[in-house]
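Student: Here is what each chain is made of, one letter per residue.
2 protein chains.
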Amino acid sequence: PVSAWITGVVAVLVVVTFPVIVLLHRLGRIGDELREELMKRTRSWAILAPAFIVPVLAGAAWTILCVMIIALLCYREYARATGLFREKSMSLLVVAGILVATFAVADHWYGFFMALGPLTIVVIAAAAILYDQPSGYIQRVGLSALAFLFFGISFGHIGYMANDPDYRPILLMLVVSVELNDIFAYLTGRTLGRRKLAPRTSPNKTVGGAAGAMILTSLLVGVLGHFVFAGTIMDDPLKLAGLGLIVSIAGQLGDLMLSSIKRDIGIKDMGVTLPGHGGFLDRFDSLILVGPAVFHYVGYFRGFGVEEPVRIITGGGS
Amino acid sequence: PVSAWITGVVAVLVVVTFPVIVLLHRLGRIGDELREELMKRTRSWAILAPAFIVPVLAGAAWTILCVMIIALLCYREYARATGLFREKSMSLLVVAGILVATFAVADHWYGFFMALGPLTIVVIAAAAILYDQPSGYIQRVGLSALAFLFFGISFGHIGYMANDPDYRPILLMLVVSVELNDIFAYLTGRTLGRRKLAPRTSPNKTVGGAAGAMILTSLLVGVLGHFVFAGTIMDDPLKLAGLGLIVSIAGQLGDLMLSSIKRDIGIKDMGVTLPGHGGFLDRFDSLILVGPAVFHYVGYFRGFGVEEPVRIITGGGS
Numbered sequence: 001p002v003s004a005w006i007t008g009v010v011a012v013l014v015v016v017t018f019p020v021i022v023l024l025h026r027l028g029r030i031g032d033e034l035r036e037e038l039m040k041r042t043r044s045w046a047i048l049a050p051a052f053i054v055p056v057l058a059g060a061a062w063t064i065l066c067v068m069i070i071a072l073l074c075y076r077e078y079a080r081a082t083g084l085f086r087e088k089s090m091s092l093l094v095v096a097g098i099l100v101a102t103f104a105v106a107d108h109w110y111g112f113f114m115a116l117g118p119l120t121i122v123v124i125a126a127a128a129i130l131y132d133q134p135s136g137y138i139q140r141v142g143l144s145a146l147a148f149l150f151f152g153i154s155f156g157h158i159g160y161m162a163n164d165p166d167y168r169p170i171l172l173m174l175v176v177s178v179e180l181n182d183i184f185a186y187l188t189g190r191t192l193g194r195r196k197l198a199p200r201t202s203p204n205k206t207v208g209g210a211a212g213a214m215i216l217t218s219l220l221v222g223v224l225g226h227f228v229f230a231g232t233i234m235d236d237p238l239k240l241a242g243l244g245l246i247v248s249i250a251g252q253l254g255d256l257m258l259s260s261i262k263r264d265i266g267i268k269d270m271g272v273t274l275p276g277h278g279g280f281l282d283r284f285d286s287l288i289l290v291g292p293a294v295f296h297y298v299g300y301f302r303g304f305g306v307e308e309p310v311r312i313i314t315g316g317g318s
Numbered sequence: 001p002v003s004a005w006i007t008g009v010v011a012v013l014v015v016v017t018f019p020v021i022v023l024l025h026r027l028g029r030i031g032d033e034l035r036e037e038l039m040k041r042t043r044s045w046a047i048l049a050p051a052f053i054v055p056v057l058a059g060a061a062w063t064i065l066c067v068m069i070i071a072l073l074c075y076r077e078y079a080r081a082t083g084l085f086r087e088k089s090m091s092l093l094v095v096a097g098i099l100v101a102t103f104a105v106a107d108h109w110y111g112f113f114m115a116l117g118p119l120t121i122v123v124i125a126a127a128a129i130l131y132d133q134p135s136g137y138i139q140r141v142g143l144s145a146l147a148f149l150f151f152g153i154s155f156g157h158i159g160y161m162a163n164d165p166d167y168r169p170i171l172l173m174l175v176v177s178v179e180l181n182d183i184f185a186y187l188t189g190r191t192l193g194r195r196k197l198a199p200r201t202s203p204n205k206t207v208g209g210a211a212g213a214m215i216l217t218s219l220l221v222g223v224l225g226h227f228v229f230a231g232t233i234m235d236d237p238l239k240l241a242g243l244g245l246i247v248s249i250a251g252q253l254g255d256l257m258l259s260s261i262k263r264d265i266g267i268k269d270m271g272v273t274l275p276g277h278g279g280f281l282d283r284f285d286s287l288i289l290v291g292p293a294v295f296h297y298v299g300y301f302r303g304f305g306v307e308e309p310v311r312i313i314t315g316g317g318s
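Quick mapping for you: the protein sequence lines, in order, are chains U and V.
Numbering-wise (the numbering used here), the first sequence opens with residue 1 and increments by one.
Numbering-wise (the numbering used here), the second sequence opens with residue 1 and increments by one.
Do not rely on the hints blindly, as some may be mistaken.
Identical copies look the same in the list; a pair holds intra-copy or inter-copy alike.
What the hints assert, rightly or not - Derived SDA-like pairs (lysine to any residue); straight-line CA-CA distance at most 25 Å:
#1 Lys-196 <-> Pro-309
#2 Lys-196 <-> Glu-37
#3 Lys-196 <-> Tyr-131
#4 Lys-88 <-> Arg-263
#5 Lys-40 <-> Cys-66
#6 Lys-40 <-> Ala-11
#7 Lys-239 <-> Ala-211
#8 Lys-196 <-> Arg-35
#9 Lys-88 <-> Gln-139
#10 Lys-88 <-> Ala-51
#11 Lys-88 <-> Ile-265
#12 Lys-239 <-> Phe-112
#13 Lys-196 <-> Val-123
#14 Lys-196 <-> Ser-135
#15 Lys-239 <-> Leu-119
#16 Lys-88 <-> Gly-136
#17 Lys-88 <-> Val-14
#18 Lys-239 <-> Thr-7
#19 Lys-239 <-> Leu-219
#20 Lys-239 <-> Asp-166
#21 Lys-239 <-> Gly-303
#22 Lys-239 <-> Phe-18
#23 Lys-88 <-> Glu-308
#24 Lys-239 <-> Ser-3
These are calculated hints, taken from the structure and not from any lab test.
With the hints as extra help, turn the sequences into a complete structure.
Tutor: What follows is the structure, encoded as structure tokens:
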């Protein structure tokens with residue numbers, strides 16, 4: 001039921017946003033540039049929201065599959081933008097790592113999933129020797145290791161939540177609040193923002209926007225979480241405010257992380273998978289840090305799928 | 001008993017090696033340059049071997065402490081050589097990570113230890129944004145993340161083995177075989193080596209040396225392992241040969257990994273902690289990949305400390 005109404009609200013929001021933007025523009029409350037920006041964001045979410053919500057409602061296996069596809073698409077964009085796709089063996093290893101991480105998640109094999117992080121990076125660092133080209137070694141290993149951590153492990157944490165019987169409302173709340181967090185930062189930043197947050201990394205972000213998003217997202221998560229976690233240990237104003245802060249801070253840091261990588265390499269946008277709507281990765285970069293942060297925060301209090309069978313596919317205890 | 005005689009053999013070997021080198025040199029079987037190189041290696045091991053063997057014999061807590069000190073010393077050298085020490089916050093995070101990883105190891109808290117890898121790297125990647133200096137971001141994050149993985153997590157796996165009641169002979173065998181693996185590669189490389197293994201990464205390594213070390217180390221581990229694992233599931237020629245191969249290959253790759261990093265940055269030696277004996281890190285770099293590889297290989301068959309209490313310090317189950 002909570003899932004149903006979150007879905008309903010998202011659907012209504014997406015549909016309603018278009019006329020609202022047009023109306024505000026007609027009334028002269030927003031300029032042409034802002035209108036374009038808002039339309040662009042809303043349009044890409046009108047496409048991406050159902051692509052995520054439908055699998056989540058369909059079932060755990062579909063959710064995990066969907067997370068894997070998003071991870072692979074994000075990696076494709078990242079590899080193209082950073083030039084990593086030219087290093088075939090590195091790219092192959094990252095993709096293999098994402099597939100193996102997905103297997104560990106689907107198998108509900110926590111130990112393997114957790115060991116995969118360091119192990120895959122160590123394999124990447126070892127494989128990168130075989131080029132026998134020390135110049136660029138750190139960049140090659142750094143880019144590949146971060147890619148695997150971001151798209152294999154971090155996104156994997158989001159998929160892992162599907163091992164919990166109650167994953168639907170949690171995941172929907174997560175995605176909605178991360179996305180609104182972005183919009184909150186953008187809107188309050190335009191209204192209240194004066195001091196730049198990190199001018200060299202992301203020139204448009206302001207301290208005011210970051211603070212506004214932290215307050216609004218905490219409120220949002222506080223309200224949504226009260227219904228999502230109704231009757232559990234997480235249904236506590238302090239714990240939920242903490243969750244909201246974590247979502248807001250991790251979401252904004254994830255965004256800045258990708259900006260840092262882009263600017264270090266000297267590119268502006270990650271890709272144009274959705275032509276005219278900005279990069280695909282730009283829509284999901286905020287989730288990168290949110291995944292593990294929320295997983296471990298909520299997991300600390302209530303765990304994820306602790307009562308559910310583990311090692312479903314490979315069998316044999318924990 | 002196995003620990004006692006491995007210790008004895010190491011002590012005798014170290015003591016006997018000096019006169020043997022001098023004798024071979026007098027007989028004209030080895031040149032001045034080779035004599036110097038062999039003396040240098042033997043001397044540094046005469047210092048380092050007891051520094052590791054004594055804590056291992058003294059007890060698990062001492063072993064874990066000793067691994068932590070080695071990790072911190074290696075990191076100090078690495079940070080100086082790569083210039084990472086100049087980025088105070090990054091260095092602080094890596095050191096904090098090593099301390100926390102040591103705590104997780106000492107606590108015998110596997111889940112926390114395993115989650116630490118990705119989590120710390122994500123914290124490093126997020127903290128690196130705060131410099132607001134995108135140029136160099138990947139290098140900064142890559143160097144710090146690799147440092148934590150190498151010295152916190154990889155070395156941590158070696159310390160983690162001390163949670164097993166039978167850790168003494170295993171750790172002694174590991175260190176002795178990794179060290180002899182280096183020497184095997186060096187000696188067979190000089191005798192049989194013709195084709196360069198990775199000329200741009202490490203000009204002195206040859207394919208012959210790598211192959212020779214693989215054969216000799218497998219034999220060595222096959223024999224030592226028969227005593228170390230006597231009566232357990234690991235006491236099987238095939239499994240032990242596999243272990244030997246893993247030690248040999250992981251040892252050589254670890255060495256090459258550090259060479260790649262050094263050459264990428266444009267330095268030749270990592271440091272001079274032991275003046276006149278080469279870098280401290282040069283003695284331990286081979287252990288970086290061996291730690292996790294052996295841990296997971298042996299752990300797959302017999303586990304490490306599975307019957308021992310977990311979360312000793314923090315209490316409360318797994």
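Student: Please go over all the hints and tell whether each is borne out by the structure.
Tutor: Structure-based check of each hint:
In this assembly of identical chains, Lys-196 and Pro-309 lie within 25 Å of each other by CA distance neither inside one copy nor across copies; the values are 49 Å within and 51 Å between. Taking the closest pair of Cα atoms, Lys-196 and Glu-37 come within 25 Å of each other only inside a single copy of the chain (20 Å); across copies the shortest separation is 56 Å, beyond that limit. For the homomeric pair Lys-196 and Tyr-131, the shortest alpha-carbon distance between copies (14 Å) is at most 25 Å, but the shortest distance inside one copy (42 Å) is not. Taking the shortest alpha-carbon separations for Lys-88 and Arg-263, both the intra-copy value of 23 Å and the inter-copy value of 22 Å come in at or below 25 Å.
Taking the shortest alpha-carbon separations for Lys-40 and Cys-66, only the intra-copy value of 23 Å comes in at or below 25 Å, while the best inter-copy value is 57 Å. Taking CA atoms no more than 25 Å apart as the test, Lys-40 paired with Ala-11 passes inside one copy only; the shortest distance there is 17 Å, against 72 Å between copies. Taking the closest pair of Cα atoms, Lys-239 and Ala-211 come within 25 Å of each other only inside a single copy of the chain (19 Å); across copies the shortest separation is 57 Å, beyond that limit. In this homomeric assembly, Lys-196 and Arg-35 come within 25 Å of each other (Cα to Cα) only inside a single copy, at 22 Å, whereas the closest approach across copies is 62 Å.
For the homomeric pair Lys-88 and Gln-139, the shortest alpha-carbon distances inside one copy (15 Å) and between copies (21 Å) are both at most 25 Å. In this assembly of identical chains, the alpha carbons of Lys-88 and Ala-51 never lie at most 25 Å apart, being 29 Å within a copy and 43 Å across copies at closest. Taking CA atoms no more than 25 Å apart as the test, Lys-88 paired with Ile-265 passes in both settings, with 19 Å inside one copy and 23 Å between copies. Taking identical chains as interchangeable, the C-alpha atoms of Lys-239 and Phe-112 lie at most 25 Å apart only when they sit on different chains, with a minimum of 21 Å there against 29 Å within one chain.
With identical chains, the CA atoms of Lys-196 and Val-123 are at most 25 Å apart between copies only, with a shortest distance of 22 Å across copies and 40 Å within one. For a Cα distance limit of 25 Å, the shortest separation of Lys-196 from Ser-135 across copies, 18 Å, qualifies, whereas the shortest one inside one copy, 35 Å, does not. Taking CA atoms no more than 25 Å apart as the test, Lys-239 paired with Leu-119 passes between copies only; the shortest distance there is 21 Å, against 33 Å inside one copy. With identical chains, the CA atoms of Lys-88 and Gly-136 are at most 25 Å apart both within one copy (15 Å) and between copies (24 Å).
Proximity of Lys-88 to Val-14 under the C-alpha cut-off of 25 Å is found in neither arrangement, the shortest distances being 39 Å within a copy and 45 Å between copies. For a Cα distance limit of 25 Å, the shortest separation of Lys-239 from Thr-7 inside one copy, 24 Å, qualifies, whereas the shortest one across copies, 54 Å, does not. Proximity of Lys-239 and Leu-219 under a CA criterion of 25 Å is satisfied intra-copy only: 12 Å inside one chain copy versus 57 Å between copies. Taking the shortest alpha-carbon separations for Lys-239 and Asp-166, only the intra-copy value of 18 Å comes in at or below 25 Å, while the best inter-copy value is 43 Å.
In this assembly of identical chains, the alpha carbons of Lys-239 and Gly-303 lie at most 25 Å apart only when taken from the same copy (14 Å versus 37 Å across copies). Within a single copy, Lys-239 and Phe-18 get their C-alpha atoms no closer than 35 Å, and across copies no closer than 65 Å, so neither meets the 25 Å cut-off. Taking the closest pair of Cα atoms, Lys-88 and Glu-308 never come within 25 Å of each other, the shortest separation being 39 Å inside a single copy and 44 Å across copies. Taking the shortest alpha-carbon separations for Lys-239 and Ser-3, only the intra-copy value of 21 Å comes in at or below 25 Å, while the best inter-copy value is 51 Å.
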